[in-house]
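Assemble the complex: chain Y is given as a structure, and chains W and P must be docked to it using the hints.
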Amino acid sequence: MSPRRTTSGGSIDRRRTIRFTFDGEAYTGHAGDTLASALLANGVRLVGRSFKYHRPRGVFSAGIDEPSALVTVLKDGVREPNIPATRIELHDGLRVESQNRFPSLAFDFGAINQLGGRLLGAGFYYKTFMGPVIGPLKGTRFWMFCERFIRRAAGLGRADYAPDPSRYERMNAFCDVLVAGGGVAGLMAAEAAAKAGKRVILAEQEPETGGFAKWSNETIGGKPAAEWAKTASERLAALDNVRLLTRTMVWGYYDGNTLAALERVGDHLARPPKGHARHRHWTIRAGAVVLATGALERPLVFPGNDRPGVMLAGAVRRYAGEYGVLCGDKTVFFANNDSAYQAASTLTKAGGHVAAIVDVRPTISEAATALAAEAGVVPLTGQAVVETKGGKHITGIVVQSFDAATGALSGDARPIECDCLAVSGGWQPVIHLASQAGAKAEWDETLQAFLPPAPNQRWSGAGSFLGQMTTAGALESGRNAGLSASGKKPSRARLPEVEPSPLEIAPAPIFEIKAPISATRGKAFVDLQHDVTADDVRLAHREGFVSVEHLKRYTTLGMATDQGKTSNVPGLAIMAEARGISIPEAGTTRFRPPYSPVAIGALAAERYGNLKPNRLTPMHDWHVEHGARMMEAGLWHRPMIYGAPGETVEQAYIREAAAVRRSVGIVDVSTLGKIAVKGPDAAEFLDRVYTNMFSTLAIGKARYGLMLREDGIAFDDGTTWRLGEDDFLMTTTTANAGPVMQHLEYFLDIVWPDLKVHLTSVTDQWAGAAVAGPEARKVLEKCVIGTAVDNDTLPFMGIVHGRIDGAPVMICRLSFSGELAYEVYSGAGHGLHVWEALMEAGESFGITPYGMEALGTLRIEKGHVTGAEIDGRTTARDLYLDWMLSKKKPFIGSGLMDRPGLIDQNRIRLVGVVSLDGQPLGGGAHIVEQGSLDALGQSIGHITAFCYSPALAKYIGLALVKGGKAQHGRRAFVSDPLRKRFGPVELVSHHFFDPEGRRMHG
Amino acid sequence: MLISCPHCGPRDLAEFSYQGDATRTRPEPASTDTKAWHDYVYTRPNPAGPHHEYWQHAGGCRAHLLIVRDTLSHEIHSVALARSANASGARA
Amino acid sequence: MVERATPLGADFRPGSYGDFADGVGVTLSEPSTGTIVEATAWPGHEKALTAALGRGTGLSLALAPGAGAYRDAKAAAFNIGPGRFLVSGKDEGLVDDLARAVSLETGTITDLSHGRTALRIEGMATEWVLAKLFALDFSLDAFPVSAGRATAHHDFFVQIQRTGDHRFDLYVFRSFARAFAMALRHAAQDVGYAIK
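Protein chains in written order, with the working numbering: chain Y, 1 to 1002; chain W, 1 to 92; chain P, 1 to 196.
In isolation and in its complexed conformation, chain Y is listed as follows (with noise of 0.2 Å):
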């Protein structure tokens, strides 16, 4: 048995004994402990060393509000690190690490810190470095000069660079009612709202409900009380319309009553099961809220109060009363309240031995007399810890009489031997949520801190997170809360019976110990984890930092891992002291989520590694097996070329383009975007939406159209078919298929709901595959039936309907590679049967597939825009597509493309470009009129896309320049100065190959 374990009491499992390792020592405990009470059982007591001063620290608290006993956890070869001690549920095999320390916990280095601690006050890094530069030494490249030292110096635990191995999923769940906190007042709050037949969710961070009641030494409707509310929260999660999440945080209150919780499902295990998840984030969409947070004790700020064994009382109270272990051997109680006695006489029954009870107040209640006696003390009223004496932990304190009016300190300072000082300053509830969902804490006189707001969202609070500071305030406001959740009025049925309480449960309202601080006493602290002291404040406040927020920024107060949970407030009342005003006046910081770190994972989930879907086409896995170097496009996956072992993709591309223009290539063009356009009025719609006229369009053939914005400038374009006198298929880019068909729904649904119009996607309903090249028709002729594909039958922008190896295909003659080309659609589920079909009818003409290089590469000989030209800040007339604005009719973009600045002929516009050097060009190369690669001319404009052409046999490319056509047969220059690319180039017409378009009329 460990040195500080009771032999009996509490929760743990005396019978399972649990190995861990700290810093690589093996220590043993029980199935039920933390970290933080197996090291304290074990007598372990330096656990940290301080994020700036490297002062030893040890554990503090016993729960989510620890601001010292950070440590790092090994698992899966992953450390994480920041994660207090009092967070960690013990299991076998645990390895943990201690923190900011070197080269060791117990002799670091840092420490020196500590004497130069005056220098090392708030603002000491802005003021050293960041401020105007005078000499060398100071400005902002100093500083990210020196920044990597004093990070190394300061600061807490450190993250690796190993993947995370765990599993983390997200999780969307509705209730009727979501209790936040599973203590008394939850578990009462739960139980109601279920009673009422309301679907519920409680969630409560510990791995057990019961809060409070699991070490309170209490006894509710007769029973223990940690017993009572076992059994209680049996009885919830036997309910079907309850669910039941242990281990689980809520951690953030949204808008509309939405909150988010993270459920730490496999932490506490040595190895999750396959396919489980580590964490668990919950979105929790719930009809009303019920808040059981509880509330969290506050130290006082004195010299030398960081030191290991200075700790909240509630907390020593907890690991006696909970893990059955004795924080000290000889304890000494300093509080401001009440609630401390409690705390002492639970430490007294455990078995523990309480030295002596120091209290601020002059005279304490008869009830807390009492409990002193209980504990075999008569309390020092009026008194006050000045000094704490020891080196690495505890060993005594020294106190004097207190004033509690004045603060003033006098008489002897007394000696008092202990090894453990438990502290209670008073109870802040905790609000943090009902601070988020949006409404400012009010300042409790009586109870000296904050209560929640009145709720600005359909939530209610219950027990000590309302100020119920009592357990039959709990069960009472509980009750209530969950009533009220539902929609009922509140209760006179009995209550569970408990123990009357006759403390007294207002603090008196002091927050420090104002004693002189010496390098022997120590420094006051009011941060723990960020090193912040009370000087610290009043530093801030005498250069004028005295509100709130700049209070926060300025000293870093309450802005660690641990948000502030112990230093808020007493920050706030030394604040306020210092300008003589009241707390309340002072303010108090509006909490943002979350409420406590959550892993970076759990709000990831899912999202990790490839964060888009594959969008795949019927042909895809023929793509991969004929050897498709495979290219992303948005979402979709296309082929970028088909290459041969050993070549290169500039040979492939070249290859596959030269073999188009020979003989015949086939691409797959499934991923065009497609819409059905149907209705009486589709044809009308169309003109509106295209620049050019579609109601003229003769069912059974395919015109080019294109579409603006309403601010005139080029938006998409693309063949429309019309496949009947009220159906249309609108083709669109692939890159624009979700943004088109969102253009269009709007017009239909805003602008002009009168038409009667019918959009659907049909993107996915056809596959398409391009055949193009001189031998297409012939390939055509050898696979398609039911329907010629001659010239008359078939003339270009004409469609046909037929089948090809049985399945029903649609053909459309259209070319984007300036060749004789038919786009041949299918079914999508028929797409790699007719794809395949079309490659053996081909295999005497030598069919190539190509990919996006080479559909590029004959595009770019063929001067057709794209993407890369339609930017979004293009207009027709830039690229040379004035004759496609109908002069008949109004439509998308008409009324702003013709003003002055869109219709300037000096504007950048679409022009071809030539290599004279021999050299490739470059995407998003400048275009210069002179210069070198080392003085870059005045950019005239820039390059779209480039290509060798194998048609003209040279690296070619479009370009966006000044003046376009104005500049056909000028020299300019390349330059790209990030690819170290200068070379001189002609300016040309766009249309490099076949300007008159025999080929595809063929």
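Warning: the hint list may mix true and false statements.
As the list claims (entries may be wrong) - Not the full set, but computed from the structure, chain W residues with beta-carbon under 7 Å of chain P:
#1 H7
#2 D12
#3 E15
#4 G59
#5 G60
#6 C61
#7 R62
#8 A63
Said to hold, decoys possible - Straight-line distance between alpha carbons at most 25 Å, and here's what the computed DSS-like set of lysine-lysine pairs gives:
#9 K35(W) x K888(Y)
#10 K230(Y) x K195(Y)
#11 K349(Y) x K392(Y)
#12 K196(P) x K74(P)
#13 K35(W) x K887(Y)
#14 K756(Y) x K47(P)
#15 K35(W) x K756(Y)
#16 K274(Y) x K74(P)
#17 K47(P) x K74(P)
#18 K701(Y) x K514(Y)
#19 K514(Y) x K389(Y)
#20 K349(Y) x K230(Y)
#21 K75(Y) x K392(Y)
#22 K954(Y) x K965(Y)
#23 K392(Y) x K330(Y)
Hint data in this document are derived by calculation from the structure and do not stem from the laboratory.
Quick caveat, the model's predicted, so the values are computed rather than measured.
The C-beta atom is built at its ideal place from N, Cα and C for all residues, glycine as well.
Chains W and P only, in chain Y's frame:
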């Protein structure tokens, strides 16, 4: 944040996409009044308080909604299908 | 007749996966849907459309948002938007029947038989798995049998019909089907799942 789609019920914000200010008026299609077009496309009041705006329930029924949302508190005062709201002249 | 290829790929093969030591929590399958169409009524003609769809499928469809009807192994339909329905059936010929049943005065029919893929998830843990992906209330009260919902999971647009107490049919765009099946499988790891 939840938006109560009149067709689908309350749904997560992620299902919706913002579609712009609902107070602007589109000029007659054939209008050549550049100022009117300019105001329609570019001029926005940016109020601090209730704001009429269009949202599309893109990840749901695809309908456009007319929403009155408070730009200070995010509170949504009302949601209606844009088609019916505009037809009944409920637009601001 | 050329058989339609499934978009789900070779990875979607029968077997048990995930943590199935204590039995599988859900079963995934691709139901055979010869016909999937989207049917949309002109404003004011919703009732005529549901009647026409009823004639084509034998289903009786209510007009309420999200309402649906389901006949095991024959046909299913549910509302996916104002005046808009997703209708599916086992037979490939259903698409033509529906095209005949719905006149242009009533509304339009668009064939999506190739364009959408149905995935079925069933079993006791179905709601648990789906709740990981969708911010929808899957409880029976909120989402009754035969009702439908249009929703999204990140980039996946999904139309869902409940076809049993613990059974849902999920309709996704065909090109997304393989990736969506992967997402579904990932979400079902902890409860264990079978592919049928």
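Against the structure, the hints come out as follows:
1. H7: Constraint on H7(W) satisfied, holds at 5 Å.
2. D12: This interface hint holds because 4 Å falls under the 7 Å limit.
3. E15: With a minimum Cβ separation of about 5 Å from chain P (threshold 7 Å), the hint on E15(W) holds.
4. G59: Given a least distance of 3 Å, the restraint on G59(W) holds.
5. G60: 5 Å, holds
6. C61: 3 Å, holds
7. R62: 5 Å, holds
8. A63: 6 Å, holds
9. K35(W) x K888(Y): 22 Å, holds
10. K230(Y) x K195(Y): 18 Å, holds
11. K349(Y) x K392(Y): Violated - the C-alpha atoms of K392(Y) and K349(Y) are around 29 Å apart, more than 25 Å.
12. K196(P) x K74(P): Since the Cα atoms of K196(P) and K74(P) sit roughly 19 Å apart, the hinted pair holds (cutoff 25 Å).
13. K35(W) x K887(Y): 21 Å, holds
14. K756(Y) x K47(P): 17 Å, holds
15. K35(W) x K756(Y): Measuring from Cα to Cα gives roughly 31 Å; hence the hint is violated.
16. K274(Y) x K74(P): Violated. K274(Y) to K74(P) sits at ~38 Å, over the 25 Å cutoff.
17. K47(P) x K74(P): The hint holds at about 22 Å.
18. K701(Y) x K514(Y): Violated: K701(Y) and K514(Y) sit about 91 Å apart, past 25 Å.
19. K514(Y) x K389(Y): 17 Å, holds
20. K349(Y) x K230(Y): Given pair K349(Y), K230(Y) holds - Cα atoms ~22 Å apart, limit 25 Å.
21. K75(Y) x K392(Y): Not OK: K75(Y) and K392(Y) at ~29 Å, beyond 25 Å, violated.
22. K954(Y) x K965(Y): 21 Å, holds
23. K392(Y) x K330(Y): 17 Å, holds
Of the numbered hints listed earlier, those contradicted by the structure are 11, 15, 16, 18, 21.
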